[in-house]
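K.L.:
Given next are the chains, with one letter for each unit.
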Amino acid sequence: MTAKAATITSGKGGVGKTTATANLGVALATAGYRVVCIDGDIGLRNLDVVMGLENRIVYDLVDVVEGRCKLRQALIKDKRLADLYLIPAAQTRDKTAVSPADMVRLVKDLRGDFDWVLIDSPAGIERGFRNAIAPADLVLIVTNPEVSAVRDADRIIGLVEAEEKSPPKLIVNRVKPEMVKRGDMLSTGDILDVLAIDLIGIVPEDETVTVATNQGTPAVLDPKSRAGKAFRDIARRMNGEEVPFESLEARDGFFGRLSRMVRPGGA
Amino acid sequence: MSSGLAVKGVGDGLLVLVPDGPWEEALASLLQTVDEGGEFFKGARLALQIEGREIGAADLGHLRDLLAGRNVSLWAILGTSQLTRSAAADLGLALDLGRPSQRAREEDEPIETELPGEHAALVHRTLRSGHHIHYAGHVVVVGDVNPGAEIIAGGDVIVWGRLRGVVHAGAGGNEEAVVCALDLAPTQLRIAGQIAISPDRRGTAQPEMARLKDGQLVAEKWVDEHRRKADEHGSTG
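Protein chains in written order, with numbering that gives the first Met the number 0: chain A, 0 to 266; chain B, 0 to 236.
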């Protein structure tokens, strides 16, 4: 096995990077892939909380990098899925405890044992972000249908391009079709118009995500969750499957522009 | 992989994009980048893109010494802060990538034409938030200029795409400079010493040209000079 490393990042905070990482990890593991999620947010960790694994942490990323434990000792096995693991961030240190070269080395050591390495990037464009994208084969940019989040996503795309990575892919999170229809929210088409990168997923605003996040059971596990379905679709697209974008219109009775403007794999 | 900063080759030197944040941190990552780069940086001329950051003469001098100790010479400081620019000028550093070297200029000579030409930078890509172009001549962009991007040109700025960032044409005081775009909707537009903010879009986008007319910034349908004059003549006649 040679894992692909995907970094989930955004620039702006609070757009759903950690939720996306946890859900994509669960979706990929459910589909039969061996997955490890790495929390890159040293000092402000919470991927462990969202995945419901907080109380199992013994060693963390910084312990591995500084040689206090073996890599295997820091891998926390998910309580539901056999093929899902977490490497938590250290809470008592900061981003400078790890360098981009450390991250590249760490991910290299993981590649043999997994199909996917998902890295949850911290907000911002400083060291933590640099650490998170250094080992990435694929960069997923999460944004919300808000001007400020899109502006930050644009900045991040520029920085990722400067690293000479392959072009990042976009996840538009927390879309409210009713608001888009009223013209009170940017449509996915508006966002793609500015960012001009490939779309890999549109995730509707969904209360089940909030509930699931607080309970540490990612929404992907809830078969009725619409956001969960969207994340499962993204996981399939990450593995090269052609999955049509679900028209949010179908359930709400409008939103026709979206289906016209959005094609899988093309902006 | 280097831990740090984006480095680009620019003609006969290296351009380093210094990230935001405290100067101490930026300095540390700059030195780290140079140290990790090893032979790559030896003997190089470095230009630093520092955006609006303010750096005093003392810090710049210190930086130059630190780099000199690594056999790297500090060549230019590209920034928008007046304080930084005057400090850099005091130290004899260049303020833009400016005139290409002699060799580059010879290569730039137009081939078999008696038409006069001027230096221009052609940028064939989308300029995203945080991207910054500072050029003494004209700037031509084939692509969009997104909000948060900035172009400062000594001459004209031509954008074959949507212009939504900040643009300054005739930055050296050239009042003849113009700004053209297929969709002219900059966050802020400056020509020479005049500053304007785009009005809200009315109707569909059309190619427009902004210029100074009697000291006022005006944007008009982008047509060639000859036709404009004919039109003006027609409308008054």
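Any given hint might turn out to be false.
As the list claims (entries may be wrong) - Restricting the straight-line Cα-Cα distance to at most 30 Å, the calculated cross-link-like pairs of lysine-lysine (BS3-like) are:
| id | chain 1 | residue 1 | chain 2 | residue 2 |
| --- | --- | --- | --- | --- |
| 1 | B | Lys41 | A | Lys164 |
| 2 | A | Lys228 | A | Lys76 |
| 3 | A | Lys3 | A | Lys69 |
| 4 | A | Lys107 | A | Lys78 |
| 5 | A | Lys78 | A | Lys228 |
| 6 | A | Lys3 | B | Lys7 |
| 7 | B | Lys7 | A | Lys164 |
| 8 | A | Lys76 | A | Lys107 |
| 9 | A | Lys180 | A | Lys76 |
| 10 | A | Lys223 | A | Lys168 |
| 11 | B | Lys212 | A | Lys107 |
| 12 | B | Lys41 | B | Lys7 |
| 13 | A | Lys168 | A | Lys107 |
| 14 | A | Lys3 | A | Lys78 |
| 15 | A | Lys228 | A | Lys69 |
| 16 | A | Lys11 | B | Lys7 |
| 17 | A | Lys228 | A | Lys175 |
| 18 | B | Lys7 | A | Lys168 |
Said to hold, decoys possible - Just a few of them, taken from the derived set where beta-carbon distance is under 8 Å, the chain B residues facing chain A:
| id | residue |
| --- | --- |
| 19 | His61 |
| 20 | His131 |
| 21 | Pro146 |
| 22 | Gly147 |
Stated by the list, open to error - Taking CB as the label site, the calculated pair distances span:
| id | chain 1 | residue 1 | chain 2 | residue 2 | range |
| --- | --- | --- | --- | --- | --- |
| 23 | A | Thr1 | B | Gln31 | 39 to 45 Å |
| 24 | B | Leu181 | A | Met178 | 29 to 35 Å |
| 25 | A | Leu80 | B | Gly51 | 43 to 49 Å |
Honestly, the hints are just simulated from the structure, not real lab data.
Note that the structure is a prediction, hence the values are computed from the model and not measured.
All C-beta atoms, glycine included, are put in the ideal place defined by N, C-alpha and C.
K.L.:
Go through the numbered hints given earlier and state which of them the structure violates, listing their numbers in rising order.
P.N.:
9, 11, 15, 19, 20 and 23
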